[in-house]
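Mind docking chain B on chain A? Use the hints.
Protein chains: 2
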Amino acid sequence: MSTEVVSDTPASRLTKAVPAHPLAPLSETELTSAAAIIKASWPAHTDLHFKVVTLQEPPKAEVVPYLEAEHNGTQLPSVSRRAFINYYIRNTNKFHEAIVDLQSGRVLHNVLLGPFVHANGDGEEIVRIEKIALEDAGVKDAIAKLELPEGTVVISDPWIYGSDGVNDEDRLYQCFLYMRDPLNSSEADSNHYALPLPISPVITTETMKVIRIDTLPTGPDNTIKPLGKWPIFPANEYIPEHQTLRTDLKPLNVVQPEGASFSVSQEGTSNVLQWQKWKFRVGFNQREGMVLYDVRYDNRSLFYRLSLSDMNIPYADPRHPFHKKSAFDLGDAGAGIMANNLKLGCDCLGSIYYLDAVLSDDKGGVVPMENCVCIHEQDAGIGWKHTNYRTGRAAVARSRELVLQSIITVSNYEYILAFIFNQAGEVDYEIRATGILSTQPIDEGVEVPFGTVVHPGVLAVHHQHIFSLRVDPFLEGQNNRLVYDEAFAMPRSDFNPHGTGYYVKETVVEQSGGYDIDYDNNRTFKIQNVNKRNPVNGKPVAYKIQAPPFQKILSDKDSFNYKRAEFSDHNIYVVKYRDDELYAGGKYTNQSRGGTGVRAWADRKENVKDDDFVLYIQAGINHVPRIEDFPVMPCEILKIHMKPVNFFDKAKSGTGRTTE
Amino acid sequence: MSTEVVSDTPASRLTKAVPAHPLAPLSETELTSAAAIIKASWPAHTDLHFKVVTLQEPPKAEVVPYLEAEHNGTQLPSVSRRAFINYYIRNTNKFHEAIVDLQSGRVLHNVLLGPFVHANGDGEEIVRIEKIALEDAGVKDAIAKLELPEGTVVISDPWIYGSDGVNDEDRLYQCFLYMRDPLNSSEADSNHYALPLPISPVITTETMKVIRIDTLPTGPDNTIKPLGKWPIFPANEYIPEHQTLRTDLKPLNVVQPEGASFSVSQEGTSNVLQWQKWKFRVGFNQREGMVLYDVRYDNRSLFYRLSLSDMNIPYADPRHPFHKKSAFDLGDAGAGIMANNLKLGCDCLGSIYYLDAVLSDDKGGVVPMENCVCIHEQDAGIGWKHTNYRTGRAAVARSRELVLQSIITVSNYEYILAFIFNQAGEVDYEIRATGILSTQPIDEGVEVPFGTVVHPGVLAVHHQHIFSLRVDPFLEGQNNRLVYDEAFAMPRSDFNPHGTGYYVKETVVEQSGGYDIDYDNNRTFKIQNVNKRNPVNGKPVAYKIQAPPFQKILSDKDSFNYKRAEFSDHNIYVVKYRDDELYAGGKYTNQSRGGTGVRAWADRKENVKDDDFVLYIQAGINHVPRIEDFPVMPCEILKIHMKPVNFFDKAKSGTGRTTE
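Chains as they are written, first to last, in our numbering: chain A, 8 to 667; chain B, 8 to 667.
Capping the alpha-carbon separation at 20 Å, the derived lysine-lysine pairs in PhoX-like fashion look like this:
| hint | chain 1 | residue 1 | chain 2 | residue 2 |
| --- | --- | --- | --- | --- |
| 1 | A | 583 | A | 612 |
| 2 | A | 583 | A | 616 |
| 3 | A | 284 | B | 257 |
| 4 | B | 152 | B | 232 |
| 5 | A | 257 | B | 286 |
| 6 | A | 512 | A | 546 |
| 7 | B | 616 | B | 539 |
| 8 | B | 257 | A | 286 |
| 9 | B | 546 | B | 616 |
| 10 | B | 594 | B | 101 |
| 11 | B | 583 | B | 594 |
| 12 | B | 236 | B | 152 |
| 13 | A | 512 | A | 616 |
| 14 | A | 257 | B | 284 |
| 15 | A | 646 | B | 646 |
Everything labelled a hint here was simulated from the structure, so no lab data went into it.
With the rest of the complex left out, here is chain A (with noise of 0.2 Å):
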């Protein structure tokens, strides 16, 4: 399936000795080095085209010892500092997997993937396919049959082209066209959303050409109509100056007078955050966006690493070429390089700090991620309340968070994607999800049950949206257990005469699986470490895991979405922890076929107990689409809770009063 194809040319000129944390991203200086280092691997003015030049984070049985050296203040270990690639040459299907070492600059690794392995997309591509689409001769004719207003501006969509195993080996781009409101066609941020266009033009990457133009079924059926005069309906904007702006709403400041209570560390790409008890490293990266290393309470390790995994949306239109809408943000485009800038829109209050990134540009270069993650503090109303009634004395304390949070504009949509962290120990990811549903025409007067008309002539697909948390534990210590408590009535007996006794029964997790909560038992799942114990109770101290209930993939388990969606079907995978093993839906998911991700990972049957572990939560949202949603929808929100569960005492505070 793969060529080694390692290169022993030293490259030396480009190395620089990086005195960097073994988890902070690759500078700019890395990144640039390491793009020259398999460059200069091939002969000269081989044109080539990153798609990713990232951090390769060192194997876990290195990081380890230097954290705790870290931590305790001892000789620092040496741990190479390593950068990961994937690139094309350039109009070519040609896609290379790379490792390079950044000390001295030899090329590791450097294989020919494929066949279908595909490459995310980029923006400098996906913009040059929105013109290609729309520039071709063919897809010109086919726009000329609509008989649109004279002037009318049609805007080009590039989707990802999923997989459907049907002339899918080439990696293809399937355009949706729409058209800006033709009463308003000089604005640049009409809402095309709202007039979809029923021609879909496909782009093969090797030649970035239009290889066929699809035209889509707009009826109750399948059938394809001929392209004729089509119907405009009236536009649907979501700018503000198109809207009749609320008038009675009184502002709302957050102050914080004396600024923030966190404070953040510096350390090259790295910055190390502190709040409260809480201490970790946040990370930023092509693909995952934040990601959060080392986390701490009271220097006691909580997690070896936090990030989103990857988020997989299929569509329900099961007709061509609809079928393959199923789209992985991550894998397929990337939460880090489609962040939005924070300072670009009023996002949040009180006082904000920045975090920037530095990522990769698709010609071995640099793209600078300004203001991609905020740090702020927010209150999240009464954290805990008593009153005694005997003296009418109420004791009280507000709850206040951090806040780390990300958003990523994917074309039409938008994930608000936060780390939430508060003074009771726990962690919080929160997703909300908002922007724009991805529409398509429909016939007037029709009606499906996969979709919902959300404005004339426009037809709003339902569609899942399933997330994957990558949780890589480490309480205190790398192994740790899985277990789950269920609660059942105990059956009659002298001991429970009246029926009214319950139990809780705990389960230990003994190997890698897809696993259910069952809120019908209060299924919990909970991380334990078996030999660390509550000095009050004795019982191991652990974190648990509240996640809400989700529908699983409606796709069939023959199908290509059910096989690549490889976490989309239990609430929890708990696999054991290799290196190298990151992204619940594979490495490279664009129009994969399944089979190198989470499941197959959890199909090893390995022992997990008492032993180094990574868990994958999955939280979601089946979006039925309401007139409400459109033209951009407010935000629907999701979290998923981990839980100190007799992990403090009283003594060390651990519920975080700050009392009266």
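Leaving out everything else, chain B in the frame of chain A:
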């Protein structure tokens, strides 16, 4: 079962013409008049123990025309003001229910209830019970056997007795005894729940005497050990002077320089609240606390009435007397009368408006309830966002919420209860559970599967909290439908050749009954009005219900716990509307036996399709205590959401955009 003792004494001297709104809570004058009318119906010097004097809400058939006239500005019909009264002949078990007409002074209904029908506890009574328990000679003898340190202060927590069918015909209190920290006995706010004692006196309310002293099991089984020298464990205080307070949290202030964006019009005891396009009337009563009436958005009616109906908290320990711990905090005590004065404890930020109320006392007088509801706005993060990646322009709106909050203290425990309205037409009911666990003694070294040792010698038993939100919809009309949507995979076919399609199917609920949310099918209940159609897509206007999963009651179906907690076994109950049916656990929950609440009403199997129905929406927690929950637990938060579905269209700007 009941004897009519209606009096015809007009008692007109006590009556005043009250031009109150039909849904306004009783005024001070009305409360005292109502009690006086009842007193006058009895021979002079009869000592009545009033349990409740409250508004007898008029029949909906009278209120609806009134509300229509009110909103249309036409002549208001006359609606009688009536009071509902529960009382005992003091120091007897003669429990009465009465209705009086406040205009005429006539007693319309006055019946002796029972047997097996008992009143709620009240504050005066609870304080008396506390004392009686501690002053009883037998209890003193029992305490003496514990050989507690000199000067120890013992505290008595009276508990509603519960039902098990064993000698519980009389209305009883079961007291649980605790001690203050013996090293700090003068501290009235010492957390006595950290020092539970094994003695539990039982008191009958008929004679107000101790009738039995139970010794509590403290081992792993139901063995009762003779009382002897009691081990003294360390204290565990929650008051701030006993904590090392955090010093590293900087102030975060919410400032509303122009004040709040809502307005409150006080109409006697009734308050009309307007915020953005929302408008509703706020009531407050002894049992439910906050009640919202006639909830409208942009003058389109949504709900006739919203309130918390009841809650049930059954405990897992099956051993006598703990098996009877199954509280109904509304029916047994009252969310209104237990409400905190919210100015005594800095509970909110920003511009706060407080509502007062007046409730009845046990002697026919009144209890002023100052600041029992607070109203404020809060920022809820980003409401929606979209960035046009082609132009880089971001449009973003924050989400502003309006919160009506009430906090109740039920002995050891607190509930923070809030209705939350937002700009997207959504209504949330939020419950925050906090306060102190109800504890009991446990021997050192013992572990039990039905509770957690949270402190040396202290067992916090697992328990369920099951809340029932009563929703009386009026979705643009009195006759609505309850339907549910479910998403199913499409079978493979020519239409769905790749197995990716799915569809949503709507099912109409025809008959009253208990229904469950099936998260695996994304089953989503909606309130619909099929006579009002969305102008864009022709779908019936609707509001959907999103309720979190919870484990249904664990007590077995033959248990009194199950029979009494009539709402505890389904996510949703739907019943045909009947006047006076308000309380999901029945009107009289104290030592109740079931058959008088929502399960019984549902069993009438009445039509609810396109009819006037009421929903009871359940949410809950199976609280398996952690060390981190003691001495005061960090809030556990539950939310029930109600969201518009095809109720608004773009023209009405229902999604509430405030934009950049």
